[in-house]
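Number of protein chains: 2
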Amino acid sequence: MQLDFSYYNPTTIHFGKDSLAKLKEEAPKFGETVMLVYGRNAIKANGLYDKVVAILEEAGKKVVELSGVMPNPTLEKMREGVKIVRENNVSLILAVGGGSVIDCAKGISVSAYCEDQDPFVKYWCEFKDVDNEVVPVASILTMVGTGSEMNGGSVITNEETKYKAGRVFPAHVFPKFSILNPEYTFTVSQYQMVSGVFDTMSHLMEQYFSDKGANTTDYVIESLLKSSIDNLRVALKDPQDYEARSNLMWNATLALNTLTGLSKSQDWQVHMIEHQLGAYTDCAHGMGLAAISLPYYRLIYKFGLEKFVRFATQVWGVSAQGKTDEEIALAGIDALEAFTKECGIVTSLEELGATKEMLPKIAESTIILGGGYHAITTQEIQQVLEACF
Amino acid sequence: MQLDFSYYNPTTIHFGKDSLAKLKEEAPKFGETVMLVYGRNAIKANGLYDKVVAILEEAGKKVVELSGVMPNPTLEKMREGVKIVRENNVSLILAVGGGSVIDCAKGISVSAYCEDQDPFVKYWCEFKDVDNEVVPVASILTMVGTGSEMNGGSVITNEETKYKAGRVFPAHVFPKFSILNPEYTFTVSQYQMVSGVFDTMSHLMEQYFSDKGANTTDYVIESLLKSSIDNLRVALKDPQDYEARSNLMWNATLALNTLTGLSKSQDWQVHMIEHQLGAYTDCAHGMGLAAISLPYYRLIYKFGLEKFVRFATQVWGVSAQGKTDEEIALAGIDALEAFTKECGIVTSLEELGATKEMLPKIAESTIILGGGYHAITTQEIQQVLEACF
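From first to last, the protein sequence lines are chains S and Z. Residue 25 in numbering that gives the first Met the number 0 is what sits at position 26 of the first sequence, and the numbering runs on without skipping anything. Residue 279 in numbering that gives the first Met the number 0 is what sits at position 280 of the second sequence, and the numbering runs on without skipping anything.
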């Protein structure tokens, strides 16, 4: 099935070893005050912080900052950023870090001048249109996975209510530019690298496992899954392999810059479950996704058998010879599981920090989207969670 | 090898059965006078012309037009359009047709307010930066192949000098929006459909056959080649298969919207030879490309053996078992040739309208780019032409 779509992605990507130099060209396009948004000490330890500040100061910018953005950025941290933006009349929010930092930056961007009510309620709970001024966002990416560098996604967690809410904002909220230097990812731990690649793969699978037939988007998704698999194997042997790290970085961007969702109705149920898992455990997003994906796909494959057969043969090279479609499909999911083991993925929720008591709460608080091949029930979500506990 | 790149593509795509309705949303964004640019009678015969004019008039636009744009649009036709734009203060150039019509529209866009010298010399011969006002361009695509609907390419032929000159303009010259309704391509003849798909495939191969190793872009190219092959087979059996025609249409856009060239040094020698073939014979572009590709790739495969092996196994499913790399690579090119025969591609230059006497002139006037796996000589170009005469 081919669905009608509109596609518009105005983010400029500067990619490669020398891409930080492009900040010199981009900086003059924005106003006087830049707010740096970043996490903890990583960018100070590796020298990136100093380089970025030097370029901005040379361009005559006043630099203010919001530091300490955590994985699963909180509403409280976002509010802290809003205050800085308003007090300093910030004209560019420059996120330096991974997806959490960029998500937080976008949240600040749309919330800073939202006057009429609580921005979190308006934009992340009621999904209202953005009708106030937004502050331009840009990013320097240091960790791979979420694709936030070239899309409108922003996931913010309300710690008080344990609610992790995702929102996809329209194109004028996308980063104006994103700088992607694969070398910045060399120092990311193996655990985080693997988690990021599984986030990428999960984004691809969530879009792939929907609709009958196979359209061009499905072919493109298969190619990005194969590139992720091949290059993660290389990067696990040599984390400093530039070619492999650059491919993993670009795969992650393409996996969620809306291109790989075009003409697809999409599923996203695994992400919905993981969001609630993340709200309870603060586990690495990609690890949580991998854990949930295996029992989830074993639950739903029968409803989209044709696509799961394609997944097995096209992505994993499963031989169809002498097998029923059902056997081929299951062999594809087995291949995915074998790959998680090969890469040291943690697929036990217990190891990821969940307790048995959390499972019903996670299941009950998960939003059911009803897309994909099967409209799951809360009871089935609990079964999925128990299967990977 | 991963090369540094910058990527920015601001064209909005409206794709699908109901995409023409988006013209109503787009029209108010531009000024009062719209110049329609189109070919001969096709869009009047199928009713599209009347629908477009009705939408524009309802939006309060004054419509002027440039008709009779030919395949391989001429400098003279472009100058005719420039005159209309200046006389009517045109604020949007709306191309309705295939790549030739859109290429011509872009040519008019950059030339209309170029005051200082001959725009053709400035932009297509001396490749100077665009430093004058450009008139916004948009397109409604009715024929698949060139990708002009989402890029800066514009190929214009100087009939007097027999020089077909290609130029890639920067992002502010890209169409502001392009409307892609696969149903508009149903009435395109089988000959033109097949020619368009081979244009797509040639764009993909020209980008693919360069550099060592395989990066994400190579994986994506392989997926688009496979989608082109699979869907052309379906469309040849049933030209009204919406799914197949929509995939072929979107493949063509992706094949040349700069995404599939990222991080690749690229070749483009086949296009250089075909441009001169086209200047002499006015043959269908895709047919000329297919004819030249076969002897060209048999000439150069040894210099990029690893990639040609990948091409054979990943795109054509050639079994590697018991074969040397050279045998695998050649089997891939044989598979490409078999596919041209299967689809009724004309691969004889004589049948495409060339004479023996033209061959040296075509060879001598071909620009040698020196990229790709092998820096070809004029003598080798002549051998390639003779091999497919």
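Just so you know, these hints were derived from the structure itself, not from any lab. Be careful, since some hints might not be right.
When chains are identical, the list treats them as one kind, so a pair holds in a single copy or across two.
Capping the alpha-carbon separation at 30 angstroms, the derived lysine-lysine pairs in DSS-like fashion look like this [said to hold, decoys possible]:
hint, residue 1, residue 2
1, K355, K50
2, K322, K82
3, K21, K121
4, K21, K175
5, K211, K16
6, K16, K127
7, K127, K23
8, K21, K211
9, K355, K16
10, K175, K23
11, K175, K28
Up to 30 angstroms between alpha-carbons, please classify K127 paired with K23: within, between, both or neither. This pair counts as between: shortest inter-copy Cα distance 24 angstroms, intra-copy 36 angstroms.
Which holds for K21 with K175 at a C-alpha limit of 30 angstroms: within a copy, between copies, both or neither? Classified as both; 13 angstroms inside a copy, 25 angstroms across copies.
How would you label the pair K355, K16 (within, between, both, or neither) given a Cα cut-off of 30 angstroms? Result: close neither inside a copy nor across copies, 46 angstroms intra and 50 angstroms inter.
Within a copy, between copies, both or neither: which one fits K322 and K82 at a CA-CA cutoff of 30 angstroms? neither (61 angstroms within a copy, 67 angstroms between copies)
If the cut is 30 angstroms between Cα atoms, do K355 and K50 qualify within a copy, between copies, both or neither? Neither: 46 angstroms inside a chain and 62 angstroms across chains, both beyond 30 angstroms.
Pop the pair K175 and K28 into one bin, within, between, both or neither, using alpha-carbon distances up to 30 angstroms. Both, since 10 angstroms and 21 angstroms are each at most 30 angstroms.
Are the CA atoms of K21 and K211 at most 30 angstroms apart within a copy, between copies, both, or neither? For K21 and K211, the Cα distance is within 30 angstroms only across copies (26 angstroms; inside one copy 43 angstroms).
Cα distance capped at 30 angstroms. Does K16 pair with K127 within a copy, between copies, both, or neither? For K16 and K127, the Cα distance is within 30 angstroms only across copies (28 angstroms; inside one copy 39 angstroms).
For K211 vs K16, is the C-alpha pair at or below 30 angstroms within one copy, between two copies, both, or neither? For K211 and K16, only the inter-copy Cα distance (18 angstroms) is at most 30 angstroms; the intra-copy one is 41 angstroms.
How do K175 and K23 come out at 30 angstroms by Cα distance, when the copy is not named: within, between, both, or neither? both (14 angstroms within a copy, 27 angstroms between copies)
Checking K21 and K121: alpha-carbon separation at most 30 angstroms within a copy, between copies, both or neither? between (35 angstroms within a copy, 28 angstroms between copies)
The structure does not agree with the numbered hints 1, 2, 9 stated previously, though it agrees with the rest.
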